[in-house]
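Chemist: Listed here are the chains, written in short residue letters.
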Amino acid sequence: MSAQSPFIQIKAVSRVFNGCNGVHDLSIDIPRGSFVVLLGPSGCGKSTTLRLIAGLETADQGTIAIDGKDVTNMPPSRRGLSMVFQSYALFPHLSVAENIIFGLKVRKTGKEEIRTRLDDALSVTGLAGYEDRKPAELSGGQRQRVALARAIVAGHPLCLMDEPLSNLDAKLRHSVRRDIRELQQRLGITVVYVTHDQTEAMSMADIVILMKDGRIEQAGNPADLYLKPATSFAAGFVGSPPMALIPASALPGDVIPAGLDMTKLTFGIRPEDLVLTTSADQSAWSIAATVTGSEFLGAETFVSVAIPGTEGATARLPGQVHIAPGTKVSLSWAGAAAHWFDGEDGHRLEPAMPRQTAQEPNTSIETDTAIPSL
Amino acid sequence: MNDMARLQKQRLALYGWMLVAPALALMSLFAFYPAIATLWHSLFTRGTTRRPSVFAGFDNYGDLFADPTFWTVAWNNIIYAGITIPVSIIFALIMALWANAHIPARSFVRSAYFTPTILPMIAAANLWLFFYTPDLGVIDQITGFFGASPTNWLGQPETALASVIMVTIWKEAGFFMIFYLAALQTIPPDLREAARIEGAGRWTYTRRVLLPLLMPTTIFVFVNAMINSVKLIDHLFILTKGGPNNASKLILYWIWEMAFSYFDSPHAAAMTILVLLTLGLVAVIQFRLVEKRTHYR
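Just so you know, the protein sequences line up as chains A and B, in that order. Using my numbering, the letters of the first sequence correspond one by one to residues 471 to 844. Using my numbering, the letters of the second sequence correspond one by one to residues 12 to 308.
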């Protein structure tokens, strides 16, 4: 294996179930030691992809190689990987310790080694003292850690995780997210992680692979996905609250960049890039909207607005903002903050010329107009 | 406040008794009272018009132990239970594993396995009577095809009990399969996949995960098979009537014979009490020993 070749190489893999779902002609390269998140809505094929890597599904077409070895037709046990299931899949009749060393025992590892590995795994996951409990006697978070301990105890270089946090409450989820990321970096293992939660993906991943309908929508680091979404789907899926997607026909003609066909064009704008002004004067570069509600979240306030002919938008304003529902506002943005997508296939469009427009009532973003548009 | 709490407690206790009452009344009438009456009855001699029944202490029990038929019948029943219970459980498990797998015509396989259970035991026995008929029966037709001489399966002491055992297993395995099938379907497929990832093969998974998880079902089925091995004797009436020479006679059939053929109800009562005691003892052992080692979810 050469140093350049990726740790996991999925080449043109298809796996189609009767009629629906599955993955189509999928190719992914995953570098060694990286944390890769497969992100997407349910039914997008992300779990199928994970199960294909695990060997729980067999590819109809294409090849999968792990560590330079073609594993396409190998059973899971010979692929040198471990997996954390969404349900944790702990054996309910076995104690925590027995659960963790299940695989080691199956592989007939020596007693001494099992002992040391078990102690390691227990201390790493903070489960020391719980060895003799049954899974039913543990809390959700503890069960999750048992599943994690079982995954790392064998020392496999690859760990697959299938929505491991979806059964935890929000607060725990946040801390476990950090623990998993830290563990992955400490052990230097490669993790392929499936989730539908974009926050998880953004906060943990080295590489996010966004999937839709069994195909890759966009792959890249979290910043790429956020700042330069490749499609309108990626734009709407990543980020919370999501990017507002507005048909260009609802915009004043002046803001449409030159060279773009405004009849089939979608305009996208992140909530934090929207500027709200209550002044009645409408400039040529702003759109009229009506406030429909606001959510105060402490450090910021989300203000949702209705724009005629669209599904509306959300603006993220710092601090506490009081705007009564029904207030007429005008929305504007820095030209560079605008994203343009093809209205039909959703692909990102790069306007030929950066526009030096978008009138700014507030100062700070004014300077952004100097930056060439993405 | 304190009064209120006490009142509530009393009311809950009342509810409890009210809920138990119907079952308690019926059980007393049809189980507890008959058991005690039987015990009482077994302590008296058989009354005739000339010699009225008198208290005899444990004489009836002594008579039973002195009767060689008692030992034959008890031994028969031990063999009968010792074979039908494990064999039908094993068959049930194997059939359930198969019927639970993703195979074509799964529902056909399931209903085929379950059919013997739907048949009344008498009908099943008649069916098997035909199978066992010397020379003309299905079994002899098949063995005859390979050149074996006709066998009177039910008519000779060496094969009579085995033939009866065969029918019971055929009848019971399908019934127990349903319980295993239900239990198998509650086991999440994730466990199977987790075991596969950990490198466990089919056999390791079955031994280390599946069988322990099926243990509660196994106990349930075991208790049922136990009970049936004592109480299921319908087929004896059709197949062998306990013969030849008591070779296939089981305890309950013998009790029935004593009570209703020979009208010796005190001895029948004594035998019934012995059966009750034995079953009670076995139940205690089961609960004490086996349950401790079982994982209930």
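It is worth saying that the hints were derived from the structure and are not from the lab. These numbers were taken from a predicted model, which means no experiment stands behind them. Ideal Cβ placement from N, Cα and C applies to all residues, glycine included. There's no promise every hint is true.
A few chain A residues that face chain B, going by a derived Cβ cut-off under 7 Å, partial list only [as the list claims (entries may be wrong)]:
1) Pro546
2) Ala559
3) Gly573
4) Phe772
Chemist: Hint by hint, note whether the structure agrees.
Modeler: Verification of the hints:
1. Pro546: Because about 5 Å separates proline 546(A) from the closest Cβ in chain B, which is inside the 7 Å limit, the hint holds.
2. Ala559: holds, 4 Å
3. Gly573: holds, 3 Å
4. Phe772: violated, 38 Å
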